[in-house]
Every structure is written in structure tokens, then in C-alpha cells.
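Build out the structure end to end from the sequences listed, making use of the hints.
Protein chains in written order, with this note's numbering: chain A, 3 to 275; chain B, 30 to 321; chain L, 1286 to 1610.
Don't read these hints as lab results, they were simulated from the structure. A hint or two may mislead.
What the hints assert, rightly or not - So the derived label-pair ranges between C-beta atoms look like this:
hint, chain 1, residue 1, chain 2, residue 2, range
1, L, ASN1517, B, LYS40, 54 to 60 Å
2, A, LEU140, B, THR151, 45 to 51 Å
3, B, LEU171, A, LEU140, 48 to 54 Å
4, L, LEU1458, B, LYS37, 41 to 47 Å
5, B, LYS37, A, MET9, 58 to 64 Å
6, A, MET9, L, ALA1425, 29 to 35 Å
7, B, LYS40, L, ALA1425, 39 to 45 Å
8, L, LYS1424, B, SER34, 44 to 50 Å
9, A, ALA58, B, LYS311, 49 to 55 Å
To be verified - Calculated lysine-lysine pairs in the DSS-like style (CA-CA distance at most 25 Å, straight line):
hint, chain 1, residue 1, chain 2, residue 2
10, B, LYS312, B, LYS126
11, L, LYS1562, L, LYS1592
12, L, LYS1426, L, LYS1402
13, B, LYS312, L, LYS1424
14, B, LYS314, L, LYS1424
15, B, LYS311, B, LYS126
16, L, LYS1592, L, LYS1579
17, B, LYS126, L, LYS1426
18, B, LYS40, B, LYS126
19, L, LYS1424, B, LYS311
20, B, LYS314, L, LYS1402
21, A, LYS52, B, LYS241
22, L, LYS1426, B, LYS312
23, B, LYS311, L, LYS1426
24, L, LYS1562, L, LYS1586
All C-beta atoms, glycine included, are put in the ideal place defined by N, C-alpha and C.
Okay, here's what each chain looks like letter by letter:
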Amino acid sequence: MTESYLMRNLRAVRGRAYPRLIGSTREPSWFVFDVILPLFTIAGYAYVYKFLDARAELIGYVVLGGAMTAFWLNILWSMASQLYWEKEIGNLSLYLMAPISRMSVLAGMAVGGLFETTIQAAMTLAIGAIAFDVVFSLASPALLILVFVVTMIALYGMGMMFASLYLLLGREAYHLSALMMEPVYFASGFYFPVKQLGFWAAAGASVIPITLGLDALRQIIFPGGAEDAFLSLNTEIVLLAGLCVVFMILARYSLRYMEYLGKTTGRLTLRWQ
Amino acid sequence: MAVISNLKVFKDSAWLGWQMEANWTDPFLFLTYSIVKPIAGTLILVLMYMVVTGGETGNAFFSYMYVGNAMYMFVADVLFGVTWVIHDDREHYMTLKQVYIAPMNFYMYIMGRSAIKIAITTFGVLVTLIFGVMALNVNINLAAVDWPLLAASLVLGLGCICILGLALGGVSFLTAKHSIGINEGMAGVFYVLSGVVFPITILPTWAQPVSKVLPITYWMESVRRALEPEVMQELADTSGFDVTGMGGVSDLTMMLYLLVSVAVFFVMSIGIFRVADNIARKKGKIDWTTAY
Amino acid sequence: MQHAVETQSLTRVFRPKKKKEGDIVTALDSVDLQIGRGELFGVLGPNGAGKTTLLKILSTLLLPTSGKAYVAGFDVEKDLMAVRERINMVSGGEISGYGLLTVRENLWMFSQFYGIKSKEANARIDELLRRFGLTEKAKAKVRTLSTGQRQKMNVIRGFVTNPEIVFLDEPTLGLDVNAARAVRDFVVDWIREDRGRTVLLTTHYMMEADELCDRIAIIDDGKILACDTPTNLKRMVKMNSTLTLSIAGLNEIDGFDTIPGLNSYSQTKDVESSTTKLRFVVEDESCVSDIISKVVAEGSKITSLQKTEPTLEDVFIKLVGRGLE
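Laid out in C-alpha cells, this is it:
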């Protein structure tokens, strides 16, 4: 990879991130729709635990899980399926014609979307913690940052892999994204300790980076988090790092292969599939 | 003549809604999707319950929660479905302006387009309830179901939800692409405040009067009384107090309240829709696109 | 010197996923083309002829079923990045871009995908906006632009990267006269500025192809029917020119038979306007002056004169058997 190719891709990341960042400021209504209103859904789950007289950590898990849904939804709707929208409005062919890696375009979307998503998650965590008296116990901020970053890289790598589906498919991929909301909330233990699913189910669900990410984050920031953990913190960090590598490689090849299939069948730029 | 014309618009737009909702894949995959999605959503709650109680699901509390969650799908999906019509036509297919200027009842068009969503959701609700009865010991005794009350509740409740969706649809004329979250947000408000998966008595004292104003609260209660009267009786007997917070309200009062709600929300929603529509036309937002 | 674009037996077949979705479509059928550097090359054909399919293959958005295509000497299947660095494409009726961004922001964003430094990109954007008369719209949000302004912005997007080869897929589609004229004038000026630049233009506007293109390929049903300069294409038709004169008064004029190069003529009296219409089919253009001299010598006053040549439409009809839809 020559320097000029690298610089070109970095500029592409910057270029594609720009509309996301500017869009956040020019259409600030997302703050209400994506931060304030979803808090009600989190509150619903928190009150379920209250109704069942559950221990306090579980309510904390709901608040954390609710905050992290922002990232999962960003992957599904603002990254993976975004290519579907780009195809429909005619931008996809322009991106594919440009002399850049497809991952740069997706990375730009991810970077641009992270601003909004991080605010969303942070606000959810803060408001939820205050509203439900959630107690955090943060022993190691550095470890928290490490787990968060590794989880995000793996997660966004997975998102890039999903995005490749949209190069070939149309509405099937869109509905697959819709299908991956509740099942992933369930399988990844967004609102309960994933080890409750049993070892093998939890192990299978660990393919989705946010499963291990959530479990690791709980161990770091909640006093009783380690008791509800599926695997030890160190094991989960190592596995997450492995997932980073795996998904980035898979994303690269998946994007290439799907683009090839799309160009062979003529569906790459076909609208309204 | 107007009635026939409106029915035709409803029929044609329902056909269009079916084409868009159902023809994206083969029937087997579509069926799988229609079953897996609602059950997965329900299983979140089931696992949360099991984490706390150790897995005992054959009791009144679990049935109360499970049925409420299943019926809530109507709230979430129908609100989404009605609002989505405008969003989809505007941002995706860019046909909103052509539909908008056509000489037909636009409200009927929206209702027709979202009718298929109601049908698919009904299937999902049935699947979820059957799964609950067969796999999780949810207590629904068909012999004890109050069918007239259930029918009346469903008709009035769905009518109310559709009309609310219309108001939100009007609002979405004025907001950008991400505003599809508005219907999820509103559904979330009902989820917390309307006794969907826990009684409103669990809420803070200041929130309970708000719950008693929302029509969905009455809808949930009336559906439960109709579908699982034995469960509701057991809850009252076990706890010894008005655990749901709605014990003092008779069936008739609830139906009347729902009826009045439908009427009030109908007027409000049409009003909101018209105001939003007017503003959208003034600002040229009928055919704008907001992707970024 | 290598060609700017070369295709060898290029074929593209589309097969539906399910039989009920339609028949197999051969969009391109053994297309052989060679376009030299510096050419403004036109591809003329009706809707569904295969023009867009050809451009999609050349711009690396579609793979051929068989055959080869080279852009700037690079294989479109194997040397993707090398091709992409040298091309750009503008389509008619484009709705690409983001409505929330300004014109400048949209153009800047796309320039970043080609690795152009921001300072240079903005300078190019300024210049191109000026040439298209869109300077005052630089800060306008894209969703506020008219159709013509949006298409101008799209054209600018295609040229801001300073490509070697530009593919224009019906770029004036849906534009009014002034906007279409602006686009055409720009394209002609752009290619003249640097003879290393090449434009491949697809259109179904005869006049546009005739006016702009150095050479034209006529395509129908995926096949190239003819490829030559507009003048040579018209010569293929072997149609004679027609000279139509209107003279004041209702008197007929005799004696044209002796004029060499004149194929036939007719005279029609228009009582309402008190004029006589003379129509001459000429084989040899040199007889036109003889005809006019004779009319004047007879003392007749010429009120109107029109000469019609064979057009590309005549060429198309001859080759295809029907007009452009």
C-alpha cells in the first residue's frame, strides 16, 4: 500500500464522516428521538426488575445494556443498511467508482456516527443511573477504555461485514437487519447476564462482539459484576481482540466477494430490489 | 360514493402495503422472520424473569407479564407501521409527492398501507401467545375467555393506536430521517406508563395519574380481563390489594373510556396531521430527503 | 498510442433470478469499440439499447459476461484501482448527494474520495462553480436546488477530480435549454483545454450527438450498427438534399429540367397566401445557384428559402428501421 493510497483512504474516511457529523448539528432533533425517548424503553425493563424485586445490579445491567443498544443500532441501521440507502439515492455507484477501499467509506460512516452514538449512550447511562440509583464501581478506567475500544473495533468490523450483504441484496438484507434487533438483544444478554443462557448458548452468542463486551464492561463497572460473568475479564479481552482481527479480515473479503457477485449478477446498483 | 371510493383507496393501498412488506423474500423465510422476531423479543423478558425467580413461569405474575408483552406488539408495530408509510414513501421510494397530490383520501391511503402491518403483527401476537401457553405454562384458558370483551377491546384499542400513529405520521412530515425513532419513543412511553409488563402501582406516585389518562392502560387491562380472567382473579386474591391499580374500574367504564379516547385522539390526530401537513407544505418538506 | 477506451467482443447478458421475472436480456452483444485519446465520442441509441450497460462496465460497476474492456489501457476486470483513478461518471437525472449538505460540501466530500487535498479541491470547486454560474449557490443546501442546478452540481462533481476519461450518461436529460446548453458548452471547452482528455457521451438526442461528437457509434439491441464521424454517417444514407423555395404570386415557372444536378422538382400553389412553393430534390449541390438564378431571372420574388440535409435521424431510421423513442 503506497503512501498516496493510504492518504487517499484517510481523506475518504474524513470525507464520509463529514456528512454524519454535520447532519447531527443541522438536524438536532435526533437528541430527542434517539436519546430522550428511548429512555422510556430502558425504564420499562428497569421497572420489570423492580416489580420482580430483583437485586440492584440487574437494574444497572439494564441501564448499561440500554446505553449499548445505541451502538448496536448504529451498526445495523447507520452502517450496514446505510449502503442500501446509498444505493437507493444513487450514491453507492459513486462510492464504488472511486479509487478507495470500501472499508474507508464504511469507516467514515462509523467515525461520523460515533459522535452521535457516544453522546446517546453516555446520556442514557447518566440519566438511567440517576433515575434508578445505579451504583458504579470503577476500579480501572484504563481497563474500561481498553474493553470499550476493542469491543467497538470488533463490532464495527462485524458491521462492515454485514454491510457487504447490501452490495448484493436489497430488502432481504434490510429485513435481516430488522431481524437482528431483538434476537441479538436476547442472545447477547443486553438486559440480563448472558451466562443465564447456559454455557453453549452464551458461547455461541459470543461471536457477536457486544456479548463479551457487555459482560466485560459489567465486570469492570459494577461491584457484583464478576459473579454474573460468563468468562473471566482477561479471557474476554483476549477473545475480543481476536474478534477484532477476525471481523476486519472477514469484512475485507466479504466486501470484495459481495461486490464481485453484485457486479456479476448486475445487482450492484439495482434499486428497489 | 365517497365511502366506496375510500374503500377502494384502502383496498389498493393495502395491496401495495402487502407487496412492500411481504415480497422481499421467499415465503419460508418470510414466515421464519414473522415468527422469530416476536418470539425473540418476548424471550428477553422471559429470561429476565427467570434470572430473578429461578425459572418458575407457571404463575399469575408471569402470565400477567407475558400476555401484556405479547399484546404490546400491537402498540409498537402498528405505531411504527403507520408512521413508516410517510417516511418510506418520502425517503426511500420518493413517491410521496405523487401520492399526496392524487385526488384520494390520504388518511385512507395511510391506513391501507399500514393494514398489512396490523395483519402481520396479529400473526406474531398469536404465535407468541401460543408459544407461551405451550412452552412456558402461560395461563390462558380458552373456555374462560370473555370473547365479546376481547373483540371490543381489540377493535377499540387498535383503532386508537392507528389514530395515534396518524398523528405521529403527520409529525414525521417535519422531521428528518432519524425521526423514525419518534414512534419507538412513543411506544416506549406506553411501555413504561401503561401497565404493559408490570402494574402501574410499581411506578412512582407522581406517574400513576398519568398512566390513568393513557388509553393504552385501559386497553391492556381490558384485554387481560378478557383473555386471562383467571390470572387477574388470582392476582387480586394472592396480593390482597388492587395490585394492578385498575381494580376499581368496571369493564363497561373501560370500554367507554376507550371509546371516548378513540374519539378524542381521532380529533387530535387529524388536527395534528393537518397542522403538520400545512407547515410541511409551507416549508416545502413534502418531498425533501434527509439522508446523511 | 493506447486507446482511451477499447472493447473487444464485449457482451453482457442479464438472467432473471426467477423465470417469472422475465426473459434473458442481452444488453450488449459483441461490442467492439476503440476510442482515441482526446475524442469526444458519442453513443447514440434508443432507450434500452445498452448505452448505460456499456458505461457501467467501463466504469467498473458491472462485469461483462464475456469479452474484454480496457480503459486507459487497464483491464476493467483486473486493474480496478488503476481504472478508477482515471475516470469519473455523470448520469442524467442524478439524485445523488446529501440534501442536508451545501453544494460546496457535497463537492468537497466527493473530491476527498479521489485524494484531492482540501485547498486544491476548493479551488477547483470555485472555478467550476464560476463556469457554471453557480457561485452564489455554493452555500445553498442541495435540497434547495432546482433540477437544472442539481444536475450542474453533478456535472461539476464529475469533473472536479480532473479525470482523464469522463463518462457522461445522458447528462442533459430533463434539463431546460439553457442548462443543457451550459453543460454542452462546458464539455466542449473542457476537452479542448487538454487533448489528453476523453469524453464518452451517451445520448438519445440526435442534435446533441451531431453537434458535440467527433465520432458516433449507433447502438440498438446491444449491437453497434455503425461507428463513424457524423458527416460520414450521414453520407451513408445517400439521401439527396432538398431545396424549398416560396415565391410571391401564383405563377408557375418552367424550364428547370435543363439544370444539371437537379433530380426532380414540384410546384404547389397556395391560394390563401398567394405564394407558390417550389420544391427541388438536388443530387449535386452546385445546381442550387442555377435554380435561384433562374427564379430571379423570371422576375419572381423569393419570400422564403430552406435547404434540408440528411440528418442523423435519417441515418438511424435507415439503420434501425425506426426512429428514437
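List of violated hint numbers, smallest to largest: Of the numbered hints, 4 and 20 do not hold.
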